[in-house]
Each structure stands twice: as C-alpha cells, then as structure tokens.
Amino acid sequence: MRIEFRNVHFAYQPNLPVLSDISFELQTGEFLLILGQNGAGKSTLLKLLNGILKPTGGSVLVDGYDTASTSTASLARHVCVTFQNPADQLFASTVRRELEFAPRNLKRPDATRLVEEALSLCELGPSALQHPYDLPLAQRKVLTVASALASGSPFLAFDEPSAGLSQLERRVLDNLTRSLRANERGLLVVSHDLELFLPYASNVLLLRGGTRTFLGKPEQLLREDMILEEAGLRLPTLMRLRKDLGLPLLERAAGDPSILRG
Amino acid sequence: MAARILIDRFSFRYGPDLPSALAEVSLDIAPGSCCGILGPTGAGKTTLLHALVGILGRHHPDSIHAGTIRVGERTFAPLPDEILFPKVGLVLQDPFVQLSGVRDTVSDEVLFTLENLGIASEVAQSRVAALLRELGIDHLASRQPSTLSGGETQRLALATMLIAAPEVLLLDEPTSALDTSAVERLRQIIESLHSRTTVIITDTQIDFSLPLADQIVVLDAGNLRFDGKPSDFTSRMNEFGDVLPVRGWREALDRLAESSAMQSHAADLLGKALGKT
Amino acid sequence: MRLDISSKLALVLLLWVCAFTLEWFVSVPLLVVAAAARYLVPAFRPQSHRANRAFNKFLLYSVAILVLLTALNALLMPGGDILFTLAGLKFHHDGLMFGIRTAARLLLLSVSILIFFISTPLPDFIRFLQQKGLPSQLVLILLLTLHFLDQLPERINRVFVAQEARGAPVRAGVFSRAKSLVSILSPLVLSSIVESIDRGTALEVRGFLVRPEASLVRVQARQKLNPVSLTLLLLTLGVLFLFLLRWLLAF
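Residue numbers (this note's numbering), protein chains in the order written: chain W, 258 to 519; chain L, 187 to 463; chain U, 80 to 330.
Possibly wrong hints are sitting among the right ones.
[Stated by the list, open to error] Okay, the calculated beta carbon distance ranges per label pair:
| # | chain 1 | residue 1 | chain 2 | residue 2 | range |
| --- | --- | --- | --- | --- | --- |
| 1 | W | Asn264 | L | Glu444 | 47 to 55 Å |
| 2 | L | Ser312 | U | Ala143 | 52 to 60 Å |
| 3 | U | Ala166 | W | Thr313 | 44 to 52 Å |
| 4 | W | Pro383 | L | Glu444 | 42 to 50 Å |
Don't read these hints as lab results, they were simulated from the structure.
Idealized CB from N, CA, C, for every residue including glycine.
Produce the entire structure from the sequences given, and follow the hints as far as they go.
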C-alpha cells in the first residue's frame, strides 16, 4: 500500500502558491518526517493527504485512490490525519468514546481491539472513562493521536504531535512511534522536534517556501547541515553539541527518547 | 529598573480538598537575571507564574496559601491579589490567546497596552515602532494580528508586554509552538533583556533554558527539587531523569569536559552551564 | 450624513422598542426600514463577505423557522374560523394571527440587531463601549462572548472536518450536519469557555482592567450626542411615552 504525491501544486489564490511541485512516495512500514519553517506549507500538505484540500495541480494518490475524486470520509479508511489543536478534534464525552469514534464510523470489525490497543499504547487506560476536558492539555494532545491510532488505518499522519508535551507524554509518543514502525504502519509526521522523531524516520522531507529542498535519509541531512540552515532551521542545542563532539546523533534502540546514539 | 524576586516558603492549594499545587517553595531571583524553571506538566510552574503576576490571588480568593512573595520593593503576604502589570508582564503559553481581538493592526495591538495604562498615543507611536524593529517584526506593523504565524504572534505578544518596560518578564513555556529558528530568535531577544529586566522562563525541556539561564530551578509536583547555578545543575542532571530529558546531555557534557580544548560553537553557547562566565 | 455607532445603536433601540410596544402590523413596515438600511445606508453595509453571507443565511433560516412556528400555532391553537385545510390539517384563524403577530415582532428584533453587528467591526464596537464608560468587566465579558460567537461557525466547521477525517461523512447533507451539530455543541462550548478564560487572563495581565479611570480611551471621549442619535432617541422616548399613555388610559 502506498501514498503518492505527484507534482502537487496548491494555491488558495491563483498568484499565491502554498505548495509547488511536491513529489514523494510513502509505503506502509515507512516513516516520513516533514520539516520546515512555520509557513512552509507543512500543514497544507497534510490536508491534501486526506482530501480536505484538493490539489490545484498534480495529484495525490492514497492506495490508488485519487483524493480529488474521493471524499475525506472514504479516504479516512486508508489514512487518518490529526491536527495541532485538540480543541477542534475532541467531541465525545469520555476518552473511550472518543477512541471509538473512528473505528465505529469506519465499520471496523475489530473496533474493540483497536480501542484497547490505543488505550494501552498511549497509556490512557486509567482515564478511559474521564471527560476529555478533565485531562490536562498535554494528555488531550496524546488523545488526538490515540484517536487516529484507533482508526486502524494503515497510514497515520500527525501535525506537530509533540508540541507542548512534557517528558511523560514524549515517552508515550516515542513508544508509540517505535511500535508503529514495528507494525508496518505508514507514518507521516510534521514536527520540529528532531530529537524525538529523527531517530525513527526512514526519510525526511524538507520544505521551504512550499518547495521541496530535500528528500532523503536522516543521516544525509545531518551530514549536510547547510541544507537545514537554508531552510531556516537549525539543530537543537543538544544535537549540535553532540555533532561537534563527534558523538553519534541517531539511535534506533529502545529506551530513553533523549538518548541519541548510533 | 529590574526587580528582585524573593519567594519565602510559599505554599498554595486551590481548595481545601485539593492537593498542594506548590509546597513551601522558596526562591531568590536576582534583579536583571534569567531564571529557568524546569519541570513536567502539573509541576506548578504556571501556578507560580500566575502567583507572581497577581492572577492567582485575584481569581482564587478562597484558596489556601501561606508564605510571602516579594516583587521588587513590595512584599505580599502571601501573594498579590491585584494585577502587578506593568511591573510584571506575563506571556502565556499559547500566543494566539494573547491577541486582544479588538485591534486591527500589529502596531495598534501593541499600542493597546499603552492605552490601557493611560499613555498618549503620539508619544507612544515612536516607541512602538522602535520595539517592533528590535523584535524583528516591524515589517508586519500594518498586518492584521490574526494572520501572523505562531512565532510572529509570540513576538507580538512579547512586544505588547515589553512596551510597558516591565521590571519582571514571565514566559510560560515559550518555545512549544515555535520552529527551531524562531526559538533561536527568542533566545537572542531574551539575552538582550539581561540586566534590564528580570526574566523567568518555564519549560518542560532543557534545551532552551540551559544556555540562557543564570539560575536553574527544578519543580516537581509542587516541590522544589533543585535551585542553583546551571553548572551545578549539569553535574547533578542525572537525578532528574524521571522528570526531564537528561541522559543525552550527560554523555555530551562528559565528553565536553574531557576535551576541554574544544572550541565549538555549542560549547561557547553553554558557557554558563559549564561554569564559565 | 455618515452614521456613527451611537446613531446605529439608537436606531436599533428604536426598532426594538417599537417591536415590543407598538401594534404588530407596525413591525412590518419597520422591517422594510431595516432592510432599506441594510441595503441603502452605507453605515449599515456588511463589513465583509463573511458578514454578508452570515446575514443572508440567518435571514433564510429565521424565515423558515418562523413560518414553521406560525403554521404550528395555526394548527394547534383552536379558535376562530377555520381559514383553510391542507392535507386534512385545519389551520385556525386565531392561531394563525397569533403566529403572524409573534413572527413579525421576533423578526424585527433579530434583524435590527443583526444589521448592527454585520456592519460594525468588533474593535470599533468595543472602543465605543469603553468610551461611553461601560465598566471594563462588562466590556470584557461582551468582548469574549462576541469573539466566541464570531468564531463559532468556523470552529464548528473545523470539528466537522475532523470528524470526516475519522470516517464520518458529516458534510454530506443537512440532516447529518444537524445531527452532528447537536453532539458537538457541548464540547465546542466547553472548549470555548476554557479558551475564553485564557483570553480573559491574557487581557487582564495587559492591564485591561487595571486602571479603568486612567484608560486613555475613556479620557479621549468628549463627544456630544450627534443630531441623528438625538432625534432617534427622542423618537424612542416618544414611542415609550405613547405606549405608557395608552396603557394608563386603558384603566
């Protein structure tokens, strides 16, 4: 199963392109990390993924379905996308009901199992019967990720999932990412949190002003730091320090998400 | 002009049946210095900031509290129950929430603060323009505030506070919505405030505060677990592995200590944290 | 002559007082007055496309609901002649008249408020209220409420999109939208309340409520009532006086 972006253009108004000529492919089992300054078009890209926005040029194919002619609700069966603000995405009266929303609507026969898995992977079990708004903000963010997880869709996409999270929730995200990679799900993450996600990414897509300035392996990106600078980004202090010291930057082992070891 | 903050055994509980939000916290923050308060969500960081600006006392008159808080020359027992603005400015975690919604341009949004303080706008216009230049958002002066990006909105929120020349500036998890270059710009802005303004930053990560702060504080579930120099913090970092992402740092800092001849940009950046001023 | 906010408010006040105190059939020509204001008077023109669309949508839904209510009244309130029968349902005279009377007044009330808000940007309105000396606390509440109402349609849309992204074909039709709307209204209001608290805090720490007497906006206000507002207010008083007089004479 795969997602394809073929020469995708998108503009809200004719003279103001937000994305130009974006092409890439993602198979299940792969993890694409999307980087770029705020305003580079990352969130727009995610909205093109599940048909919320239709490309003004080129095409987006999800498991062979053209997003231009398929409804978002149908595409949700193949790719489930979450966005930054939990307030726009939480609408049930308990955590459990929130998680049940997607698998029920998608008529998944294993809905119960999916919900239980999401609860345990995201460590939301103890809060299953609580009202989402009784949870602290950081946990509400994790809940939006869990809701996408419970959908059972082969591809998942998250927009800045780690923004505003503290150590506890980051650990949850780290476990989750590792688990998803192990289970052959396809993952797209838009994030500026390189420490958390770079170790797991199979590929990195770097956007600048709506165009693709880099698509390749994380190791390559780290070697060529001019690319990051040109895109207006920099490595976080710790990564810079480790790089200068000659310490390896990427670890793909289990454990503490803050350890970056090759 | 910068104020000293002295907190003496301050305890706070939102209600009689609720757990302690802050338990016997004592802090001494030198005027013009930068203090980084680190800890997980729910540690009490925001509660502490709200106590300092006066919101906590105003909105929770029936809370259970003890201790004293001193801001500059004034002492409150236990905490201020009036808004201490413009003496104390607070930039909230969510920059978008800080937009008033009642002004159409970025300049007017900043002027709004001065209007509330009764300062004439002819005098103010040039001050606003200068401040916007300093923060690098002067090119956005006539834009609608709601059209700005997260990083730009945050700098606007900062401008609305700094225009009043506060003696104390509080920033609640300022980097959570920012990309790495916006973080860097913010760091430079905060550095430029040194000795003019006492700055307190709260964060769940170490990355931003460690190179910047003169004093590091670790809060966990309302308790103060550490209060001291960044260099002391780095040598004791491992103790806080349960609440802060420390391990990657430890290895790097050990290696840095071994190769003392290294002149890396990052090492210079961490000068304060390594005990070199 | 360009109408300022106080004149516009004075007109709205006049229309409201008429809706409440005068005969229902006066509401009908007054509705024409309101419509004329909306389309002909520059001060009442919608401030944006969004406001324009909102006005049209509101009008459509209100008329539909009021027609429905009137019909129900005619069906369920017995009394008077049976005016006509449709598909076996009898429409009574008294009920129908009651429905029409109420509908006319309600429509005038809502349309007059609406023409004010679609033509007055929030920042101007708030500044006006502060100038008139409204307590800051009240202004704050109004500000937050209006902001909430202003953002509501877009927030609802975003939740619909989020639901679609999880497989629910919400935007397919009016009924599915209506059904979803009911279920999301409560979390939506909840999150708006939470956000409003934060926004209120943000305004407070900027000194919004700190020293209202010193607020420059108040100090600058030295406006005399303009002739249009004065005339409208006098008219309003006249209507009220007339109403009181008739009420007293009825004894």
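Inset, instruction - Please name the hints from earlier in the document that this structure breaks, with their numbers sorted from lowest to highest. - result: Violated hints: none at all, because every hint is consistent with the structure.
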